[in-house]
Amino acid sequence: MTKYIIQRLLLMIMTVIIITCICFVLIRMLPPAELPLNDIHTKVIEARREAQGYNKPYMVQFGIFLKNVFTRFDWGVSDKLYFGQDVATIFLSKLPATVFVNLYSILLSIPLGIGFGIVAALKRNTWVDYTISTLTMVVISTPSFVFAFLIQYFLSYKLGLFPFLMNAGTDYMSWGMFVSMLPVILSLSFSVIANFTRTTRAELCEVLTSEFMLLARTKGLTKAQATVRHAFRNCMVVVVPAILGEFIGIMSGSLVIEKIFAVPGVGGLYLNSITARDYPLFLMVSCFYTIVGLLAGIVIDISYGFIDPRIRMGSKK
Amino acid sequence: MSDMKNYENISSDMFRFVQMDASIHDKKLETKSRGYFADAFLRFKKNKSSLVAGIIILFLLLFAIFSPIISTYSVKDKDPVYVSFPPYVRSLAESGWEGFSGTTTRSSQNENSMAYWKAIATETGKDPVLGIIDSTTTYVQYRGQQKANISYTIKMNRFHEVGNLYRVFSYETFEDIQRWQDETGLQVIYPYVESKDIQNLTDNPNIWYKISDVKGTPVYDKDGNFIPVYSRNKAIEGAPYHSLRIEGDDGSYIYSSKKSGAVQCRVNYYNYYTYTHGREPMFLMGTNSMGQDLFSSIGTGARFSIIFAICVSAINLTIGAVYGAIQGYYGGKIDLILDRISDILSGIPFIVATTLFQLHLSQRVGVVPSFLFAYVLTGWIGMAALTRKQFYRFKGQEFVLAARTLGASDWRLMFKHIFPNSLGTIITRVALIIPGVISTETQLTYLGIINLSDLAGTSIGTLMSQGQVAMTTAPHAMFFPALFVSLLLISFNLFGNGLRDAFNPSMRGVDD
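Residue numbers (the numbering used here), protein chains in the order written: chain A, 114 to 430; chain B, 3 to 514.
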């Protein structure tokens, strides 16, 4: 198992470095942002650019970049959007908003999603199941921003329950902030709930019809006992990795929903860096998205091995 | 021994069929044989929800094809005044369809604004007030006396509430409008009002009656009618007027004022619109915040989305199928190396790829091709994995071995013998890729990362972001594009699920 994890992590680091290298070279190939002439920061940025090896071969630049990142966590200086500020600092100041919003949304989605899934599977082929399955289907197919608009229009505007946009401050623990986050959380939750519901239902349906369930009933367990002790456990083999994957994924958030509700998070930062052509910022957030995506995949794969001894891939070797 | 050496060149006359004269005792099948696709189609027909989804897709496709043709507007028509206006079709509104009457609800209208609306109705003959929903009376102490303030909530026709506007014309246009007025009998130009007669208000072309203060409190005559203050000042008249005159005009009102080389008029915008467009305004789905007709814009945007999605899925399927076939067929080292490559590619977040392609290529090859490249970069990976799996499943089977023994080439084995067996899976995949592409395309155009306006005119995502600007006052501009894209995606997914159930009956009910 350990060997497998190490193997996967090494592969991931290799993938990350290759992708970063491609992104890095592609971005450095673009002409760097023009600096205003009479600004005190201009000299500083020029000096730092010199230190980062602009004008040197791309691979040398990439080496300097990696060295800076790993030794000092220095991702460069923003040269457009937050003129003269450290990219990493800006990024870290934006991260909490995204994480909080997504964390709340997952905490809301897990019980609801699994609950609906269980109900649908237990009442299989009744109207309850059909309703839940159809709704799941509809929610998964509809783009999440349609829900965001519906929530913004009906709950925030027509009924006036929530503020229209998320508050801009950094007091993430205050009640007012939480209320302003609610529309975001709700919009994010729809698709997550639907995903959990679908996974749980499909898995539980399969487990419930398998032969060991029959055996469990024949040896005298009641239906409830058999379901709770045998079916649920087995269905969690698939559901728990999905949840873990979502947890990692929360950091990347949703660009569209963050834009609609003006969440001061990573998504907004990314969009702004694209429109303003702030390349250092863009590079850092791109790397971040890459790492988060790969990490989520690995966590899912590894957690399978931990939860279910039958799928311990590395153990064969 | 000598014939053993010669085994490679056995002449054909040394062979003979063993069973040449044996009779076959099997009975011929009496039922009609049914192929794989016919079978799948039969199963598909039984799935009611997918059938309905198919019909909806067909309807939406027809909408996308025909709406820009039927509509008298194109996405280039941007009206500066009818911005974010609700749906309005006069004939439907008159036959009692509430939804097409261009209505909006306005609250807290005081007496002055009610008079203002009434003045528009009196002057132009088009009453903007469709009905009073509610009125509340509050009493305030004003200079020692109790005064009632009535506040109304009314339903208004937004097209008529525009009323009159100031417009500046050249002398030729002014003449042309007069000719048009004579032909059609519709009054476009209304008598001019000098600002000195209306408390020096210069920005309100709808006040033609005597007012007592800048808030627009009207002064009524003894019968309770407005007192017109139309100008008779021939000195400021811009050009001679010889066309329709309004009721009560003895021929002395002037209809224009001088404006360096041109004339300024008060025009009724509704009739002016009829004059410039040759027909009355008719917006089946209203207009958006750019003043575009939504009915034709949605069609135009959807056309692009659908064609683009079909192109993307065709390219991705081809690449994915070939790549997956090579991986699955050869296996071993080749499989491992190709798998690494696709692993690395799949690690690139789609949004990063799109942006980088936009930054690098959109200047050189255009926005749409670079957008397409971004899709092609990673889009085929799922398809390749699917094909690879199918190839691993089939490549060891007897019919493949038989074909190989008969001397079929690798390429022929791959695409003649193995590939058709995975066709069902692939068709299903197409039906599920298309909604995925449309969905991401909508999101990216909504975010403004991709701007397709130059090539496609508009796109559903762009329409939605324009709709969001005026979401509170004109929810329809948000609602229609959102409805269209949701319906399209839901039906495509349902349709795809139906296809999957039909082609792989064993997978029924399992979502992948």
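In case anyone wonders, no lab produced these hints; they're calculated from the structure.
Predicted model only: the values in this text are computed from it and were never measured.
Glycine residues also receive a C-beta, built at the ideal position from the N, C-alpha and C atoms.
Among the hints, erroneous ones may be present.
Keeping only pairs whose Cα atoms sit at most 30 Å apart, straight-line, the calculated DSSO-like set for lysine-lysine is [unchecked claim]:
1. K260(B) with K212(B)
2. K180(A) with K193(A)
3. K47(B) with K120(B)
4. K120(B) with K78(B)
5. K212(B) with K236(B)
6. K261(B) with K212(B)
7. K50(B) with K30(B)
8. K335(B) with K116(A)
9. K48(B) with K236(A)
10. K236(A) with K212(B)
11. K260(B) with K217(B)
12. K156(A) with K169(A)
13. K193(A) with K169(A)
14. K224(B) with K212(B)
15. K157(B) with K271(A)
16. K157(B) with K128(B)
17. K47(B) with K236(A)
18. K261(B) with K116(A)
Residues of chain B placed beyond 10 Å of chain A at every Cβ, according to the derived structure [as the list claims (entries may be wrong)]:
19. K47
20. I71
21. T74
22. S76
23. K128
24. E239
25. D345
26. V354
27. I383
28. G398
29. F401
30. P437
31. T474
FRET-style restraints, in silico, Cβ to Cβ [unchecked claim]:
32. S109(B) with V292(A): 24 to 34 Å
33. D341(B) with L327(A): 35 to 45 Å
34. A375(A) with S109(B): 19 to 29 Å
Comparing the hints with the structure gives:
1. Only pairs whose Cα atoms come within 30 Å are accepted, and K260(B) paired with K212(B) is accepted, the gap being roughly 23 Å.
2. Restraint check for K180(A) and K193(A): the C-alpha separation of about 24 Å stays at or below 30 Å, so the hint holds.
3. Straight-line distance between C-alpha atoms of K47(B) and K120(B) comes to about 60 Å, which puts the hinted pair past the 30 Å bound.
4. Proximity of K120(B) to K78(B) is assessed by CA-CA distance (about 35 Å); at most 30 Å being required, the pair is judged violated.
5. Taken as a hint, the K212(B) and K236(B) pair is honoured in the structure, with Cα atoms around 20 Å apart against an allowance of 30 Å.
6. For the proposed pair K261(B) and K212(B), the alpha carbon gap of about 25 Å is at most 30 Å, so the pair holds.
7. At roughly 36 Å between alpha-carbon atoms, K50(B) and K30(B) are farther apart than 30 Å, so this suggested pair is violated.
8. Restraint check: the Cα-Cα separation between K335(B) and K116(A) comes to about 22 Å, which is no more than 30 Å; the hinted pair holds.
9. With a C-alpha separation of about 23 Å, the suggested pair K48(B) and K236(A) falls inside the 30 Å cut-off, and the hint holds.
10. For a cut-off of 30 Å, the pair hint linking K236(A) to K212(B) is broken: about 74 Å separates their Cα positions.
11. Taken as a hint, the K260(B) and K217(B) pair is honoured in the structure, with Cα atoms around 27 Å apart against an allowance of 30 Å.
12. Taking the CA atoms of K156(A) and K169(A), the gap is about 19 Å. The hint holds against a cut of 30 Å.
13. Note on K193(A) and K169(A): the hinted pairing holds, with a Cα-Cα distance of about 22 Å set against a maximum of 30 Å.
14. Restraint check: the Cα-Cα separation between K224(B) and K212(B) comes to about 13 Å, which is no more than 30 Å; the hinted pair holds.
15. A distance of roughly 17 Å separates the Cα atoms of K157(B) and K271(A); the hinted pair therefore holds under the 30 Å criterion.
16. Between K157(B) and K128(B), the direct Cα distance comes to roughly 14 Å. Compliance with the 30 Å bound is thereby established for this hinted pair.
17. This hinted pair checks out: K47(B) and K236(A) have alpha carbons roughly 26 Å apart, not beyond 30 Å.
18. A C-alpha spacing of about 86 Å is found between K261(B) and K116(A), which places the hinted pair above 30 Å, so the restraint is violated.
19. The Cβ of K47(B) sits about 20 Å from the closest Cβ of chain A, beyond the 10 Å cut-off, so the non-interface label holds.
20. Chain A leaves I71(B) outside its interface by the beta-carbon criterion, the shortest separation being 27 Å against a cut-off of 10 Å.
21. At the 10 Å boundary, the C-beta of T74(B) stays outside the reach of chain A, the nearest C-beta of that chain being 29 Å off.
22. Every beta carbon of chain A lies more than 10 Å from that of S76(B), the smallest distance being close to 26 Å; the non-interface claim holds.
23. Non-interface status of K128(B) relative to chain A is upheld: no Cβ of that chain comes within 10 Å, the nearest being about 30 Å off.
24. With a least beta-carbon separation of about 49 Å from chain A, E239(B) lies farther than 10 Å from that chain, consistent with its non-interface assignment.
25. For D345(B), the requirement that its beta carbon stay farther than 10 Å from each beta carbon of chain A is not met, with the minimum near 6 Å.
26. Its beta-carbon lying about 4 Å from the closest one in chain A, V354(B) breaks the requirement of being farther than 10 Å from that chain.
27. Taking the minimum C-beta to C-beta distance to chain A, about 13 Å, the non-interface status of I383(B) holds against the 10 Å cut.
28. G398(B), annotated as away from the interface, keeps every beta carbon of chain A farther than 10 Å; the closest lies near 21 Å.
29. Against chain A, the non-interface label of F401(B) holds: every CB pair exceeds 10 Å, the least being about 31 Å.
30. Residue placement check: P437(B) does not keep its beta carbon more than 10 Å from all beta carbons of chain A (closest about 7 Å).
31. Residue placement check: T474(B) does not keep its beta carbon more than 10 Å from all beta carbons of chain A (closest about 5 Å).
32. Checked against the hint of 24 to 34 Å, the C-beta distance between S109(B) and V292(A) comes to roughly 26 Å, which is consistent with it.
33. With their beta carbons about 39 Å apart, D341(B) and L327(A) fall inside the hinted range of 35 to 45 Å.
34. Between A375(A) and S109(B) the Cβ separation comes to about 27 Å, which falls inside the hinted range of 19 to 29 Å.
Of the numbered hints listed earlier, those contradicted by the structure are 3, 4, 7, 10, 18, 25, 26, 30 and 31.
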